[in-house]
Each structure stands twice: as structure tokens, then as C-alpha cells.
Amino acid sequence: MSLFRRKAPPTAPAGRDARDPFDEAFLSQLALLEVVARRMFRGRNRAERKTRKVGSGLEFADHRDYTPGDDIRNLDWNVYMRLGQTLVRLFEEDEDLPIRIVVDASGSMGTSGGVKFEYARKVAAALSYVGLANLDRVGISCVRGAACETLPPVRGKGRIFRIFDFLRRIAPEGPTDLRGACARVAAESTEPGLVVVLSDFYDADGAFDALNLLRFRRHEPVAVQILAPHEANPSPDRVRGDVTLLDAEGGVLRDVTLDDRAVARFAEAHERFCRALERNARTRGITYLRASVAIPFDDLILRLFRTGGILR
Amino acid sequence: MSLAGWPLAQIAAFFAVGTAAVTALYLLKMRRRRVVVPFAALWEQALRTSEARRLARRFRRLVSWLVQVTVLALLALALGDPRPAAWLRPPRTAILVVDTGASMAAPTHDGVPRNDAARTFVQATLRALGPADRAAVLAAGPAVRVAAALAPAGQVRARRLDLAPGPGPARLDDALGMARALARGAKNPSIVVVTDGALRPADRDVLAACVAGPIPCRIHRVPGPAGNVGIAAFAARRRPFDPARVEVVARIENHDAVPHDVQLDLFAGDVPAGSVRARVPAGSEHRHVFDDLDAPGAVLRARVRGVGGDVLPGTALDDEAYATVTPVRPTRVALVTDGTDLFLEAALLSLGETVEVELVPWHSKTGQAPDVGDADVVVVDVGAQKLPPLPRDVHAVVFDPWRHDDADFPIRKGRNVRRPFLTEQDRSHPILEDIDFVDANVARGTTFRVEPGDEVLVRTVGDPIVVLRRDGRRKILAVGFDPRQSDVPLRVAFPLFVSNTLAYLSKDTPGFVATVPAAEPAVVRLSDVGLDAKGTTTATVRTAAGTTMPALPVRDGRLRLVVFEPGVFTVTLDDGAAAGASAEMAAVVPPLGSLGDALGDDPRFAGAWADPAPEPFPVVDDPLWLLLLLVVAAVAAVEWWTYHRRVTV
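Chains V and P are the protein sequences, given in the same order.
In terms of our numbering, the first sequence opens at residue 1482 and continues consecutively.
In terms of our numbering, the second sequence opens at residue 259 and continues consecutively.
Isolated chain P, as found in the complex:
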């Protein structure tokens, strides 16, 4: 114990003078109030006291003197400001960065959840700080949160710290950047990182840079077993040939050193939709596809668990995954035809409920432009008839547009070709996915003269014969031959070609991705999830936990968002043509990989380990002199109350 206030000599002098004064006052005769009574003899009779009572009164006076001297001693001690020696060191600032990544939900080697072990260490570190010290606690999860702002250590200690693990890896770079910013200008700053060591290489590098940096940086590890078995990927989509049905793929990864027997259960809503058992070898993965499910529009949930008494290691965060299959609006197709191409009509009809086909009869002799209404795609196949004028702002598929040389068609004619061979095709283009036209027989056709920006899908000996042109937001697919004059309609590729073409033209991108990774920035094209974003500027996201995120901006029909709760969330359009419309999407935990400590063997962190059990600070409350004054006040109050001196002194 040391004195931070008056030195001992001054305290002794103060006490001596004060004691002398108090004693002198007690030796002096007390000034008493005079009370005139009419019959003093009667008072004497009533107040006749015994000898013992007189002695007790003298003793009480002595006790009163002792109390006064005690009060004086306490005051003198308070002036000295006594403090434990530890309080006399300069104040410190401790910035605690706690890893709250998904791996922290896994147990340590002792079986304790890693985040609980981290919390215990944080509390111990805070208890080791004195009243003059300051501290802050940052939770470095998928997003960096301030669990406790920079404040005196006592206040931080009293706070309830939210250190729950997030659904993704820790972002140490952001957290350490914030810690350095907090430490800037603070007194004797130091950074303590509490982590299980399951960090990405980039984060390990950032941490190493922090350790080597000017601000003292220590690491406390709460490591645990590296093994983890979980769902690393889960996705669902409509079947390309049968959009009414769904196919689902799930990938299970085993990062443990031993193989595990797992069972993968799939639920559509609450209804079991499938189940499969598998043995996943150590350090390997198992992929399974549920390829024909009748669950469009339902929330799909996959769950992996051990079978045969096998307990899956690692965190449970990635033992479940979600996906949604968004409902799609049927594509409205206007078929402008002379009524002779039954193959094309059959191919359209085979697409089932995904298209609505309206037949628009056309005969060039009428001279009237076809009325296609609000069709999404116009398919023009008029055979020998003269090509009608194409409606503006509507995607178009035109077969054999240059049957007549005086046709009005934006893609200019190349030349007429007899028995063209379809020699080259762009297989990477979505329209030609899984299609092969190379050996098709065509009686006649017309090539096109392409312009910059045009995509040539099929060529005949180098000349474009199937061309895709973008005209503003409109796309025009020109097929330079008549299906009737070829064997293409007889092939199984023809309905697929029609389906791919309609899907490509009616959607911005093909596919039905309605799943985003949790805790990572994602861009969602609202049209992909069945929402008409025309005129929409903001959208509201209600997470799986039931919380509503602030309104998110929508630009060009795209919504940029970060979802931190795995599960199904809802996107609702706030304004625009479809204001109020909503769609469900799923957020899945990104692959966690191994949960082992990657820091222990890294030489960059040698000597950077923090004291695992910091000594608690001796006295963590307010300064002692304040307590002494409170004791003085209490003693004085008791003395005043018991001795009734308030009237006479």
C-alpha cells in the first residue's frame, strides 16, 4: 500500500494537530443551553442518578472522544490517498479483439465451447485491469462489432458482452484495423487477440503484422480439435427440361482425421423429401444430387448427422443448410406463324406451364402487323410468307428472315446457301448448352452479315447462320434457315434449343439461384427470384431470426446485401411496380473447412502469447480515500444520532 496524496509526515502532523484540537475541545466545558424550569427540585428528584450511571456517562464521553479521534484518523488517511502499489503504475488501455467466427462455436480440447473459453479469458483480463485503466472489446466475426466501447475497465467489466459466434469466418483484418484506431492516442495501449487459431491465411498474415507492429499485440488461443463435418454446399434449381420439378445438390465435407458415417436428410418445408447415408472418408467430401423432386416453391432444408453412434465433430453451424426454389412466371410467347410448322408448336407446348403460347396467325397479303400484346418473346416462323415487321421492345426469334429479299430485318443478309452445313457452333453459349447441330441436314439457308456486338452462335463454313443481336434491351435471335426445310425439328435437341432460347431471352441470366452465402456480400438479381424490380429503389430484408434489416437500395434490379443469420430470409420490395411483392431466399453458412489451430506452428507468433491466467487486480473499486470518507460519514452519523449533540453543540 502506498500513499498517492499527502506524505506520511504531513499526515502525522495533521493528525497530531487535529487530535490536540479535538482533545482541547473535549476538555473545555461544554456550552449548555439554559432551560428555566419552575420546580427544579422535582427535576433533581427525577434525575437523581447512581454512581454507576455517572461513570457510564463519563465513559460515554470518553468513547465520544475516541470516535472523534478515529474520524480524524480516517480523514488523515484519506488525505494520504492510500492505494495498492499496482494502482501507482501508469494507466493502460487494453483493446480485446475476440474471434467470433463460426469456428468459435466448436468445442475446445476440454469440451468447453470456444467462445465460452474466450469469454472467460476476457473477463479475467478485465479483472486484471485497475480503476485507472481503460478497455474495449471488439467481436471479430463475419462482421466486426463493438461488444464494449472504450471505457474505464470497471464499466466494461460490468457490461454484458455479446460474443456469440457468427455464421462465417472471422474478419480479423477489419477488427485489428479498428483496434489500432482505438489504440491511437490512448495511454499505454495494447491489443489482445483471443482466437481459436482457425483463421484464413489472409487473417493470419494480418495478425502477424499486428504482432510485429508498434502497438504491443498478444494472442490468447482457445484451440480445439480440427475435425469438422458439415454441409459445405447446398443448392437447388428447377430442372432445365422440366421446370416444374427441382434438383438439389449437397456437398458434405469431412475435415477430420477419421472417416464418418453420415446421413443427409432433405426436407421440403417440414416434409421429408429424401434421405441418403454415406461414408465420408477422412479429408474428403461426398456429393449427392436429389435430381427429381416435386417441391417447387418450398423451402428446402438439408441436415447432416452421424449414424451408428457416430458423433460429428466440429461446429453444428454447418450441419444444416437451406435453399429455396423461387417461383417463376411463365414466359409469354407470341408465335407469329402461317400455321404450317407443327414441330415448333409441339416444342413450345412441351415446355408445359413455364410458357404461355399465343398463336398469332400471319398472312402477308393482309398487310397488317401482328398484334403480340405484352408478350415477352415473339417467335416469327412464317415459312414462305413475307416477314412481318418486328414489334419494338420485344425479344424476337426469327426463322429464315431473308426468305424474300425485300424483307425488313435489322440483321443484314449475307448470301443464300444451298445445303448449308452447320460446321461451327459456340458451345459455351447458354442457348446451345447440351445441343449439337453440327450434323444437321438443311436444304437451304441464308447467312448474315454481322456487326460489332453480334454473337455468332452457328456458322456454315465460316459464315454466320445463327446470330444473336442486342438492340438496346431487346435481343434478336436470327436463324438463317427454315426448320421445315431441315431435319432439325426431328432431333431431340430442337425442343431443348427452343427452351434454352426462351429462357435466355426472357431471363437476364439463366438459372434460379436463390441462395446466398451468409455473412458475405452478395448481389441478388431480383428478377432471378421472381420479383419485378421495375421502378424499385429499396427493398426490405427480414432475416431468418425475425429481425428486419434497414431498407437496402436496389439499383438496376440488383439488391446488394449481407445476411448474417443462416436460414430463409424474405426480400420485400418497398416501391416500384411490384411494391409489396416478396420472395424467399436462403442464406447458407460458407464452407468452414478445418477448425484446427493454425497459429501454434507459425514462427511469426512465437513469443506473442498472452498470459493465460492474468492476476486479478487487488482492489477493483473506486479509490480507497472515497471509501474512507464514506466510513467517516457513517461513523459521524452514528455518533451524532446516538449522542444527541445536535442541539447543544
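So that you can see chain V by itself, here it is in the shape it has in the complex:
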């Protein structure tokens, strides 16, 4: 009908589960996010991400002396006429930057009714949709232990349902080994790109090492720590008295007597753990965001847009 008619937002296929996280309401929110993203990045070409390469782009970058073999069309004739020097114009090379979204699917993400994993899936789906809408290539990896289940990068907004289906299949279970999992992700991604890690980072050994590893492999890691408020700061009424603490990822049983002071000490220790992760990430230029499941996921997406540098 018209070349300028807006494309209708994707609609969910019929017959979905009523408890489907990617329902009609979710899709409506995605459509809204797409509009917001367009406003934020108006004037830019699609799939135009500045890489560090200098090549055949359109935006002038620098001059250099002409050497034989250079394309003569790149000679700067104006300089030659004024100064008599043969300089070649260099342009920034434009190329699409792959986006890899890593979702932590360990058992710790499934506690408290799985609110953290649910939140992570929604954020992952929303980021994917916005990325696909900007003609980026988006791949998703779900990690548990050192294992990694990967959806290869796809392009085009119509592929969003593949991402939905992939995310639907994943259930949180098993231990956390972020370092091993990120090593697998880095190994699978031959070309560096943006890697968004959605996790609670409840990994005493390798939470930061995993991010650092991605950085070493020339990826741009973005850490989004998803927390449940009542896990970070438990209410004394819920965990008071003589209890056995059972780790959600198995293995550890500990008999303790919890009182107000013990719960307060845990809250302080949790805060220290998160601050240490944030401090280490920022000192190495890794974008870090702390997200509570209490805030709507679309608010988190906009925060990522504005402050996270995910989309530039």
C-alpha cells in the first residue's frame, strides 16, 4: 500500500500458553521499545556501527601518504592542487557489530519462583528485538555450569520468534560456572562484538573472571546483575530461627540459627559482593548494571540504552 506505512508489530502465533512470558502484552511493550529506540538513534543508518577499522566507509577519518597500489579514486585532489602532496583520504569502515546475549540458566536464577530467570528472559527477548529491528545480528546463549546452549546469530525482525522459542525451552537448573561458560561463548564467537551477560553472578569463583575473559577476547561485555530484593535483603520474619540452608544449586546444607543480626550480616555481605563486582567491572571499562526484578524490564532496557552504551 504505502512505502512509509509502519510495519505492524509482530504478533504471537495462536495457541500459546496463557503463562507464556512472551504474550501479547509483552509484544506490545516490544513495539513501544522499538519506537523509543528509533527516536534515540534517528539519523543513523542501519547496521552502521563504527568499528576500529579504517576502510571504505563514508565518514572521513584521516589522510596518509599515497603508496602505489592505492585506489587512485581516494586521492585528495584538493590537497594535491594546493600543496602538491599526494595524500590518500582514509574513511572509517562501517560494519555490523554482532550482539551476543548470554542468559544465566543456573539453579540460582530459579529460586524465589524463578522471578530472576523470568526477568532475564524478558530482558534478553527485548534486547534481541531491538537489535533485530536495527538490523543487527543477534545470537543468544544460555549457560548453566560450563555448558552452553547457543542460538546462532540471526538477522531480521521476523526472526524474533525463533529467539522466543529458544528462550521458552530453557529452564534454570544446575550449577553456575560463568567463567567456563563465557569461555565457550567467546570461543564460539569468531568475531568480537557486544556481549550482554544477564545473570545474578552468584559465582564466588568466576563471576568477574568471566567478564574479563570476554574483554580479553576483544568483546564488549555488558554485565547486567539481576537480583531479587528479598534475596538480597531477606526479611527477618521469613528466615528466622533454627533452619537448614540449602543451596539452590545443590551440595551445601548448613544448619544455622538465624536472628535479626545474622540476617543483617548477610545483607551486608551481599552488598559487599555486588559492590566488589561493580568496582572490578568499572575499573576495566566493563559496563555494569544492577537490576532488581522489582523494576519493570522495559525501564531496564531504556536504562541500558541511555547509560549502558549497548546501542551507539
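Keep in mind that the hints were calculated from the coordinates and are not lab data.
Here the structure is a predicted model, which means the values were calculated and not measured.
Any given hint could be a false lead.
[What the hints assert, rightly or not] If we take Cβ atoms under 10 Å as the criterion, some of the chain V residues that face chain P in the derived model are:
id, residue
1, Thr1592
2, Ser1593
3, Thr1657
4, Glu1712
5, Thr1725
6, Glu1730
7, Leu1739
8, Ala1743
9, Phe1747
10, His1751
11, Ile1776
Cβ atoms here follow ideal geometry from the backbone N, Cα and C, with glycine treated the same way.
Please build the complex by placing chain P on the supplied structure of chain V, with the hints as guidance.
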């Protein structure tokens, strides 16, 4: 301490089994609630404890075990129901009869008011009773009051006992009768009488009968000095010859062993009306009359006090007395006369404001009956005229009714007598009080033929010549001679005769008694205090203390009442012709006499004395097992609150 519940062996077995169970439960692993956490390592880091802390936790567990065992021990002890040995005796019932007569206001030998000493003993006796015992306290004053109804001793002990002395002697007979009624059917009853011993002989006899009776009866005395000086009698009345003025008599009695110098002050309202000093010998009395006071209608108050530093012994209750002189309505007198007897008119006029005289001229030729209106008394003195018809329902005084033989007069004629001598007269009759007619000179007269019921006041050689007849409520006084034909009007007795006659006919009884003894039944003729009780069925009495007694019935114009507060009280008619009318009267303390202990020397009471200082009961509160359970509850609450076991166990 003894066990009233489980025996010691059972308690020990219960405790052993319970301790074993508690210990076993503590040795068993505690069932803990599992809490799934996402990051147990972080919890471990936060809950890393020191060795000392672990030891403290173990110690706390040991303390918890000890607390449980302690609770078990307390429960076992509670099952035993431990009691002091005194609690194991059978329950008792103590009926305390406390003398609250007027003498109890006097001090004891120690200078303490006797009723305070009695109260102290009552409290000590109540403290000697245990929780299973019951008690009642009766106040035996002029009237018997229940100061504390029969109830557990603890409740009686907590009550505020009203043992204030009353204005009259104690009525031990009524109080002991009530005590015996209370003791009937009670467990192990006993009666304890607390008195100062200043009892009337009749009450002493009743008390002796109680001591000898089947119910154990003990006496505790709070005696004091016998001496008492007070006003034993106080009365006021209008003067017979001058009702506008008042005469007052007061009698002071000294029951002490030494004479006392006293001053008697008399007040009319708040104004001093008289004062007199006297020395009252030991065991004697002093009577004084204030004979000419201008205080009709005022409240009279007499007060006796020592002078010259002399402190009057005994109670102060009888140091004051009150009296009122009731206002009187003038007697309306209709004088039916031919206008010739100026002596009679003068005698009537001399009565001043106490009579209202209306002259009703009469001449037999007119043939019309005299109109006497609403007169209280009709005096008929028509001289030589024919006697007019007497009006009905009005008292009448008729002089020389049978001057003419065809007169219409209810008292029949006897005979005519020339120069009758008035030979006999009834001096006890109020009309002839202070009057002597025996040597009077009379020119002529007529005797009467009396009938049963007639009173002959004066006779002439045996024949009635002055006769009083009652005709229903009407009284007729017939004088069988004409005053004009005698020298009677020239005598000073004539106006007195007229005054007595009018007073007798217009009042039911002569005199103006407006004083009743306090705390004793009294009958007051309302007409005596100036109240018209026609149609009145009830009257209200407001006492000197300001309290209003329930409506009292009035029958035949008489009010029967008992006033317990000495002083001036007010009687108000509730209904009838004069509804709302009121009059003041006074209640005085009856003579108290000696205040000494009359029981000590009486052999009938030997061995009946109560323990002067009964031992207080060891524990006067509720049973110990209840306290033990309360301790258990408190310990359990503290343990529960501190150990936070409510979630996991």
C-alpha cells in the same frame, strides 16, 4: 509446708518421667525448616562464627534445657498443691460484732478512740483468717448495720469497714441475734464481740447468754475511763402564760469520779442566748432553766465545755444538744356573748397573739344561730339570754347553760344550787393545772347529770358543776355557773383557766414537744409541731447530716420515726391538705451515763476473752499452686521470647 494435692512419691515420679522426656527431646536432633537460598556461600561467609560463639550457643541450649526442667519442677510442685500447715485446718467462719455505740467515741486508757482500737483488732482478726475462712462484720450501734457481709476473709479484709460510733447505746441483742443467724449453717462458726464494756444491763445479759451458748463466743474489750460529762437532757417550750416567749431546761450529768467546772452556753440560731457556769459534783447532775427567752421558732443549741482548763472526760457526742420551739397557729376563738362579760373578754385578750378572738353578738330574740365561721373553739357566755344552739364539730365552752330550763344542751341538768361551794376539783387535769377554785364564791349555779365518759373537773359537794364531755372529736366544757355571779373573774386563776381550757381544746395534747431522742423510736404528733396532718399519708425526713430518709407513713396524724443523726431535722408533709409544709425538730443524744467497762468484774464472762493479738495468717493470698503456675507461664514466655523457638519447634 504440706502437700494437699499429689503425694511426694507421685510428684517425684512425674518429675522423673518429665525430665527424661525433656532430656530425650533435647538430645534428639531438632527438626529444622529448610530454606533454599540462591547463594549459600554468601550465607556461610556472613554466618562464620567464632569458637566462643559456638560454645555460647551450646551453653544457651543447656540453659534452655535447664529452664524446661525448672518449668517441669514447678508444675510438679503445683500438682502437689503445697500449703502452709495452717491452711490444712478446716475452714472457719468468724462473725465479728463490733460495738458502735456512742461510748465508742470516747478514748481508751491509752488515749486512742475506742472505735479505732476496735477497728485495729478487727483487722488483726481478719488477718488471722486464711483463704478458706469466711467472715462477716456487724456494727452494733443504736441500729445494727452489716459493715461487711459474710464472704471469704480476703474480701472482707479488703473492704472499708464503717465502724463509726452512733448517737446512742449499742443494741447488742439485735446484733447477736443476727450473728447467730449468720453462724447457723456456717462451717466452724465463732462470734467475736468487740466492745468497750459500757453496755446496758440488758445487753450484758444477752452477751452472757451468747457466751454460754452453743456457738463459741469470745469478747475483746477496748475499755477506757468511765468518766463522762455531758448534756443528759435538753428541752424547750413556750411559756404557758406567755407563749411568745420560751423557757429552756438543760441537765448536765457528771459520771466522773471528780467534780468538773463547766460552762453551759445556749444559742438561739447562731446568736448567744445565755450562758451559765456551774460546778458539777462527782456522780451528780446540774439542772439549769433559762426561763424567759425571746426565741420562738429558732433552733436552740446547748453546748457544755470545761472552764478553767478543765477538760471534760468521755465522749463529745453528748456535749451538744438541740431543741426547737415549733411555731403555733393562733387558736381561733368565737366568743358568743351578750356583751356584758368584760372579764372574759379581758382574759381572752390577755393571751396575746396565741388566740384570735371574734365576737359574735347574740340575742335570743333574733332567733338566729350564731355564725362562728371556722373557729377552733366557741365560747358561749350569753348571761341571762337563752342558750343558742351549739354549732356542730366545734369545741365549745359554755358558761351557765341551764340558766333557762328549756335550753338545748347535751349535758343534762342536775339541779339548781344556791351559793354552791366548789368543794372538789381534779387537779391532775390539764385544764385545772395550777388553778384552785375551792374557795371561790358563787351566787348560784346548776349541777349536771354526767354520763359514762364524762370527766368531772369540779364538784360542789359531790355534784358535778364543771364537766368535760367528748362528743366524737368534739369536746364540750360545761361550767355550771355564770362568772358574772361569782368572784372567779377577779382571781388570777381565771385567765389561766381560760388559757388552759383553750390550749386543751385546741391541741390534742398540751405542750410543744419538738425534740426526740436520737437512735430511738419516737412518735411525733404532727399537730404538736404545727403541721396540719389532715389527709397526710406520708412524710419525708431530712436529717441533720443532710440525708433524706425514705418516706415515712403517717397514721392518725402521728409520725413514727428513728433519727440517727443528732441535731435539727426537718419533717415535710408529702401529701394531704398541707402538702409541702415542713417543721423543724431536734434529735438529742440520749443520756449515756457512765462509759466504764461493766464486763470485767462480771463472773459470767470469765474465760471468754479473745486473744488480744491474733497471729496473722502466714500466707493470705490465693493458693500457692496458682502462683507456681503463674511463674511457669512467665518463665515459658521469657524462654519462648528469647530463644525464638516458635518457628522451628
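Against the structure, the hints come out as follows:
1. Thr1592: Since chain P brings a Cβ to about 4 Å from Thr1592/V, closer than 10 Å, the hint holds.
2. Ser1593: holds, 8 Å
3. Thr1657: holds, 9 Å
4. Glu1712: holds, 6 Å
5. Thr1725: holds, 5 Å
6. Glu1730: holds, 8 Å
7. Leu1739: holds, 8 Å
8. Ala1743: At about 6 Å, which falls below the 10 Å cut-off, the nearest Cβ of chain P leaves the hint on Ala1743/V intact, so it holds.
9. Phe1747: Hint holds; Phe1747/V Cβ to chain P Cβ min 4 Å, cut 10 Å.
10. His1751: holds, 6 Å
11. Ile1776: violated, 19 Å
Of the numbered hints stated above, the single one contradicted by the structure is hint 11.
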